[in-house]
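Enquirer: Protein sequences appear in the order of chains A and W.
At position 111 of the first sequence the residue is numbered 971 (this note's numbering), and the sequence of numbers has no breaks.
At position 49 of the second sequence the residue is numbered 344 (this note's numbering), and the sequence of numbers has no breaks.
To be clear, the hints were calculated from the coordinates, so they are not data collected in a lab.
Quick caveat, the model's predicted, so the values are computed rather than measured.
A couple of the hints might just be wrong.
Counterexamples of contact, computed for chain W against chain A with all Cβ distances above 12 Å [unchecked claim]:
hint, residue
1, Thr-311
2, Gly-322
3, Ala-324
4, Thr-326
5, Tyr-328
6, Met-338
7, Ser-350
8, Lys-377
9, Ala-384
10, Ser-386
11, Asp-390
12, Ser-405
13, Arg-411
14, Arg-424
15, Trp-431
Partner residues aside, some chain W positions facing chain A, computed with beta carbon under 8 Å [as the list claims (entries may be wrong)]:
hint, residue
16, Ala-346
17, Ala-379
18, Ala-406
Where is the CB? At the ideal position from N, CA and C, for every residue including glycine.
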Amino acid sequence: MTKLKLGMYCAAGCGGCDISLIDVHEHLLDIVAAADIAFWPAATDFKYSDVEAMPDGEMDVCFINGAIRNTENIEIAKLLRAKSKVLVAYGACSAFGGVPGLANLYPVREVIDRAFSTQSTDPDGQRPSASATHHDGSSAGLPAITGTVHALSDIVNVDYLLPGCAPSSDRVWELCQVIVSGELPPSPAIVGATKKCVCDDCRLPKQGTRVSKFVRSHEIIAEDGRCLLEQGVVCMGPATRSGCGGQCPDALMPCRGCYGPAGDSLDVGAAMVSVLGTLVDSEDEDVIRQAISQVVDPAGTFYCFTLPTSILGRARTTDPAEEVRS
Amino acid sequence: MTVPTFEPRILGMLCTWCSYSGADGAGQARTAYPPNVEVVRVMCTGRVDPAFVISALADGMDGVLICGCHPGDCHYINGNCKAAGRMTALSAMLDQLGIERERVRLEWVSASESTRYAELIEEMTEQVRELGPLSWGTAHASKEAM
Chain A
861 MTKLKLGMYC
871 AAGCGGCDIS
881 LIDVHEHLLD
891 IVAAADIAFW
901 PAATDFKYSD
911 VEAMPDGEMD
921 VCFINGAIRN
931 TENIEIAKLL
941 RAKSKVLVAY
951 GACSAFGGVP
961 GLANLYPVRE
971 VIDRAFSTQS
981 TDPDGQRPSA
991 SATHHDGSSA
1001 GLPAITGTVH
1011 ALSDIVNVDY
1021 LLPGCAPSSD
1031 RVWELCQVIV
1041 SGELPPSPAI
1051 VGATKKCVCD
1061 DCRLPKQGTR
1071 VSKFVRSHEI
1081 IAEDGRCLLE
1091 QGVVCMGPAT
1101 RSGCGGQCPD
1111 ALMPCRGCYG
1121 PAGDSLDVGA
1131 AMVSVLGTLV
1141 DSEDEDVIRQ
1151 AISQVVDPAG
1161 TFYCFTLPTS
1171 ILGRARTTDP
1181 AEEVRS
Chain W
296 MTVPTFEPRI
306 LGMLCTWCSY
316 SGADGAGQAR
326 TAYPPNVEVV
336 RVMCTGRVDP
346 AFVISALADG
356 MDGVLICGCH
366 PGDCHYINGN
376 CKAAGRMTAL
386 SAMLDQLGIE
396 RERVRLEWVS
406 ASESTRYAEL
416 IEEMTEQVRE
426 LGPLSWGTAH
436 ASKEAM
């Protein structure tokens, strides 16, 4: 039997997804027995030129993790799409934009100012740019930042989304087994997750009680054996797809929504707004409004992993020229 | 040549029990008010999914006006209280995304308040006109293929 050829690439990600693939532990040996690694910069010494030299469709399955943040991400996403039969958006950043996607709350100039002109960085105003040069005048070859952070599916056709930050190692191993068996579901599809929400897997029982105020998870020691939302902690479980097995609420930490919107819903923010609106234990409009307005940073909380693929996609920009496109 | 003035498009979602009757009353009384609000009748403000509001703004509306029964008068006991909670959270969230709070409003209009309905439409139309077009679809084509 010919071995499969697998690839893994990290775009604008943290490297956690690369680790999550290694986190299948001894099963990695089973994967390597059935498949050759054709490209995986985090683990093997392949260059972009090696991928460019491949015939189209050479790789059976390629995983791409990380969001699309610069022109290099776009270029490599297109290259890997051409060289792969099956392309998987691996992890929340690739599938929904992820935590890097929160930069869409700000104009890109503000993001760059924050990164390069605060007290913690060089004071001379030097900025990385596509036209930056080495001391000898040759091009440094830096990619340009895009005006907006994108999910992989905004750039190329994606066959499967594997959500999670990072995808849970059980789901990764299950997916690898399905790939080796050749029994992938019809694409496009979400794999390694169910259609239900995290509450469906959560072990903490709901009692149907409502709350008088909302708190952040660090402000209370949550009581075990009780739904976190009913304790006033903003838990994203009702709006989030299950697949993780409810790991965060199991440890009494609120769900942060890394598996993306549950079911057929498009927008986690809308779903969470819906949930919170019904939770306050009062029929008095002012009391309700006062309680809800205690929720800190609603956009950043609700869209923690999904802003680029939400209905609005980003905060309003006053300068459309900021939209750098390839 | 006259300079074209901006005519805002506002989506109105009116609860069938109170506000839709109020709007009907304004029509029957032949009260004049701006034609900028395009009305959808809903069973209750509690049925208005925040995704409806977000989608309307993303698809070209300049504002959204939701009207329902006064607190305590809801046909379904407390649907309007749920709407009040939701719109509080939604306004705060949209504020962070650069959408002014005046563009999305929840107001109480009873069946007998047809004059108030007309005044409300006038006030909101002028407020949104002042803010200018939202133009989300054209100015923020963040999802367009690269």
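Enquirer: Would you check whether the claim that W:Gly-322 is not at the interface survives, using Cβ distances to chain A and the 12 Å cut-off?
Expert: 28 Å, holds
Enquirer: Please check whether the beta-carbon of W:Thr-326 is more than 12 Å away from every beta-carbon in chain A.
Expert: 27 Å, holds
Enquirer: Taking the closest pair, is the beta carbon of W:Tyr-328 still more than 12 Å from chain A?
Expert: Since the minimum Cβ distance to chain A is about 25 Å, W:Tyr-328 lies beyond 12 Å and the statement holds.
Enquirer: Taking 12 Å as the cut and beta carbons as the points, is W:Ser-386 off the interface with chain A?
Expert: 9 Å, violated
Enquirer: Does W:Lys-377 clear chain A by more than 12 Å, comparing its Cβ with all Cβ atoms of that chain?
Expert: 5 Å, violated
Enquirer: Less than 8 Å between beta-carbons is the criterion; does W:Ala-379 satisfy it with respect to chain A?
Expert: 5 Å, holds
Enquirer: Are all C-beta atoms of chain A more than 12 Å from that of W:Ala-384?
Expert: 4 Å, violated
Enquirer: Test the statement that W:Ala-324 is away from the interface with chain A: the closest C-beta pair must be farther apart than 12 Å.
Expert: 28 Å, holds
Enquirer: Would you assess whether W:Arg-424, listed as outside the interface, keeps its beta-carbon beyond 12 Å of every beta-carbon in chain A?
Expert: 18 Å, holds
Enquirer: Answer holds if the nearest beta-carbon of chain A is closer than 8 Å to that of W:Ala-406; otherwise answer violated.
Expert: Violated, because the Cβ-Cβ distance from W:Ala-406 to chain A comes to roughly 19 Å (cut-off 8 Å).
Enquirer: A cut-off of 12 Å on Cβ-Cβ distance, and W:Met-338 was said to be off the interface with chain A. Does that hold?
Expert: 16 Å, holds
Enquirer: Measuring Cβ to Cβ, find out whether W:Ser-350 lies farther than 12 Å from everything in chain A.
Expert: 6 Å, violated
Violated hints, listed in ascending order, are 7, 8, 9, 10, 11, 15, 18; each of the other numbered hints is respected by the structure.
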